[in-house]
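J.: Dock chain C against the given chain R, drawing on the hints supplied.
Sequence order for the protein chains is R and C. When we follow our numbering, the leftmost residue of the first sequence carries the number 1, and every step to the right adds one. When we follow our numbering, the leftmost residue of the second sequence carries the number 1, and every step to the right adds one.
Since the hints were made in silico from the structure, they are not lab data. None of these values were measured; they are calculated from a predicted model. It is possible that part of the hints are untrue.
The list makes no distinction among identical chains, and a pair is therefore deemed to hold if it is satisfied within one copy or across any two copies.
[Said to hold, decoys possible] Mimicking DMTMM-like on lysine to aspartate or glutamate, the simulated pairs with C-alpha atoms at most 20 Å apart in a straight line are:
1) Lys80 with Asp266
2) Lys219 with Asp266
3) Lys136 with Asp52
4) Lys80 with Glu216
5) Lys219 with Asp30
6) Lys219 with Asp52
7) Lys210 with Asp252
8) Lys80 with Asp252
Number of protein chains: 2
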Amino acid sequence: MSHRHTIHSCQRHYGWNNAQQAVLRVAPGDSAEFDVADASGGQLRVDSSAADLGRLDFASVNPLSGPIAVDGAAPGDVLKVTLLEFTPSGWGWTANIPGFGLLADQFGEAALRTWRYEPRSLAPAFFGAHARVPLKPFAGTIGVAPAEPGVHSVVPPRRVGGNMDVRDLSTGTELLLPVEVPDALFSIGDTHAAQGDGEVCGTAIESPMKVAVRFELIKRQPLAYPRFTTNGPVTRHLDGRGYEVTMGIGPDLMQAARAAVSGMVDLIAGRHGIAPIDAYLLCSVCGDLRISEIVDLPNWTVSFYFPRTVFD
Amino acid sequence: MSHRHTIHSCQRHYGWNNAQQAVLRVAPGDSAEFDVADASGGQLRVDSSAADLGRLDFASVNPLSGPIAVDGAAPGDVLKVTLLEFTPSGWGWTANIPGFGLLADQFGEAALRTWRYEPRSLAPAFFGAHARVPLKPFAGTIGVAPAEPGVHSVVPPRRVGGNMDVRDLSTGTELLLPVEVPDALFSIGDTHAAQGDGEVCGTAIESPMKVAVRFELIKRQPLAYPRFTTNGPVTRHLDGRGYEVTMGIGPDLMQAARAAVSGMVDLIAGRHGIAPIDAYLLCSVCGDLRISEIVDLPNWTVSFYFPRTVFD
Chain R
1 MSHRHTIHSC QRHYGWNNAQ QAVLRVAPGD SAEFDVADAS GGQLRVDSSA
51 ADLGRLDFAS VNPLSGPIAV DGAAPGDVLK VTLLEFTPSG WGWTANIPGF
101 GLLADQFGEA ALRTWRYEPR SLAPAFFGAH ARVPLKPFAG TIGVAPAEPG
151 VHSVVPPRRV GGNMDVRDLS TGTELLLPVE VPDALFSIGD THAAQGDGEV
201 CGTAIESPMK VAVRFELIKR QPLAYPRFTT NGPVTRHLDG RGYEVTMGIG
251 PDLMQAARAA VSGMVDLIAG RHGIAPIDAY LLCSVCGDLR ISEIVDLPNW
301 TVSFYFPRTV FD
Chain C
1 MSHRHTIHSC QRHYGWNNAQ QAVLRVAPGD SAEFDVADAS GGQLRVDSSA
51 ADLGRLDFAS VNPLSGPIAV DGAAPGDVLK VTLLEFTPSG WGWTANIPGF
101 GLLADQFGEA ALRTWRYEPR SLAPAFFGAH ARVPLKPFAG TIGVAPAEPG
151 VHSVVPPRRV GGNMDVRDLS TGTELLLPVE VPDALFSIGD THAAQGDGEV
201 CGTAIESPMK VAVRFELIKR QPLAYPRFTT NGPVTRHLDG RGYEVTMGIG
251 PDLMQAARAA VSGMVDLIAG RHGIAPIDAY LLCSVCGDLR ISEIVDLPNW
301 TVSFYFPRTV FD
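With the rest of the complex left out, here is chain R (with noise of 0.2 Å):
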């Protein structure tokens, strides 16, 4: 597929900021395409160590590709933008930084693992000798700039969207994002090869790859948050041979969630004889965090999905 616009690695920027100069303008209808960098800027390499993560340049982490003005958007509207196309690398990085994390209280040091796979063929990537993780890349951080002034970290994510690390914003799928300036100022980064729901350990398969995309705008539509529309099914990737769901109960979901998550990093860490950071690192990258129930008064239940086939 050919775009019209290419927006490259160096046009880059590190905190969302609606006084930014916008690296290109496009019109409605456009489509562009962005070569994205991995979350560490280039940082890290497939032959990097833990001790690396230890020198990483936090100023130069998180690089959002952008900002892009589009023509004619103003607050209150909805920008659309269509994913329509991933072309990944072919290798990636999953680490634990101290401190990050859902268990970071119980995985106090830091680790690195680093990946290949196939890029065209996107096969089931190995990690070590026996686990092998279905992929599908997206993108971590899709987001437009918020109407408030000043620099605002690329860590969390916004109601204009941002770091939300929604694993099917995919090939295919539509986001639509609330406007709050004028021109939108669209950003994108943080590109994974695969993740699952929750981002557990706070990394997913961090990958660089290009992204294309296409922009339209839906005026004066108000939106409270993001919302998408999948065009088809989201985990048929991985689910063929169903899911082990270790689970949290209690009154508190974010300790219903943490329960959960410890309780597949000791299943897979046992039974598949790993290092529990390992299987830590695994459930980042393809378990799945879901709210089975959150009504039966005082106690909710959170799920931890992780597939069976990545050891099958």
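T.: Only chain C this time, still in chain R's reference frame:
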């Protein structure tokens, strides 16, 4: 399939209590069929109306079939329950009960919708003129007696199971429950013809049905919470056309879940011209709450997935 034991609908109780007399004793390896009442305990019928909700005797709701004593079960063991077969009745109900449900503040009025469905083919069931909801029968409540003495409400789930409302506790699933008392004292109830992850309005398609299960015992295996294994994919009956997905983004998972469901109610009601209360009930019987990311401090992303096949 024939089972050695039958537990009739009159063999029921209304609270977890480890001092309760078992209605039956089984040996590991035995199977049994339970004639499970709906959550109203037979007080609602297919021709009931919202007015009947106000007349419910709440002392007789949420009946559980059991308890069953399992020979040799002791605290620290695991009771393995294989869900062999569901024989649904062909009718059910879904209600909004004031004060109960994720959006109780937005939906203060009692509402009741009843369903008829084909119990053998389990063809998607009509809701109003246009929506058709895929069915997958399961038991909302499955558990064993807690160690703590006294009577415990059947509404909240606990680490020994109970009202977990996990919609994949369906045919073929193997559930492991931590045993806390001698003989385990197993009960089951709250059968549903369909429910989405979250059970957001507080009820599913509440439907009486027969359930056959097999009991096995795993001696001396510590288990913090219940866990289960599915014998295949869990969403293929509804994911063929993909999903509409709304989101909530913020520092509190509960508020984010509320925003995501509220967004879907608005979307469905607006697009399909149905009353918001009907959109809310539909969300409960077939929409799924997922935690998309739980690590991008300080904001989490909760997504609500509604299967597009329902209106296709």
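J.: All hints are to be evaluated individually against the structure, with a verdict given for each.
T.: The hints, checked one at a time:
In this assembly of identical chains, Lys80 and Asp266 lie within 20 Å of each other by CA distance solely across copies; the values are 19 Å between and 42 Å within a copy. In this assembly of identical chains, the alpha carbons of Lys219 and Asp266 lie at most 20 Å apart only when taken from different copies (18 Å versus 50 Å within one copy). For the homomeric pair Lys136 and Asp52, neither the shortest alpha-carbon distance inside one copy (27 Å) nor that between copies (49 Å) is at most 20 Å. When the C-alpha separation of Lys80 and Glu216 is checked against a cutoff of 20 Å, the pair qualifies only within one copy, where the shortest distance is 5 Å, while the shortest distance between copies is 53 Å.
Taking CA atoms no more than 20 Å apart as the test, Lys219 paired with Asp30 passes inside one copy only; the shortest distance there is 16 Å, against 64 Å between copies. For a Cα distance limit of 20 Å, the shortest separation of Lys219 from Asp52 qualifies neither inside one copy, at 47 Å, nor across copies, at 46 Å. Taking identical chains as interchangeable, the C-alpha atoms of Lys210 and Asp252 are never at most 20 Å apart, the minima being 39 Å within one chain and 33 Å between chains. For a Cα distance limit of 20 Å, the shortest separation of Lys80 from Asp252 qualifies neither inside one copy, at 35 Å, nor across copies, at 27 Å.
Violated hints, listed in ascending order, are 3, 6, 7 and 8; each of the other numbered hints is respected by the structure.
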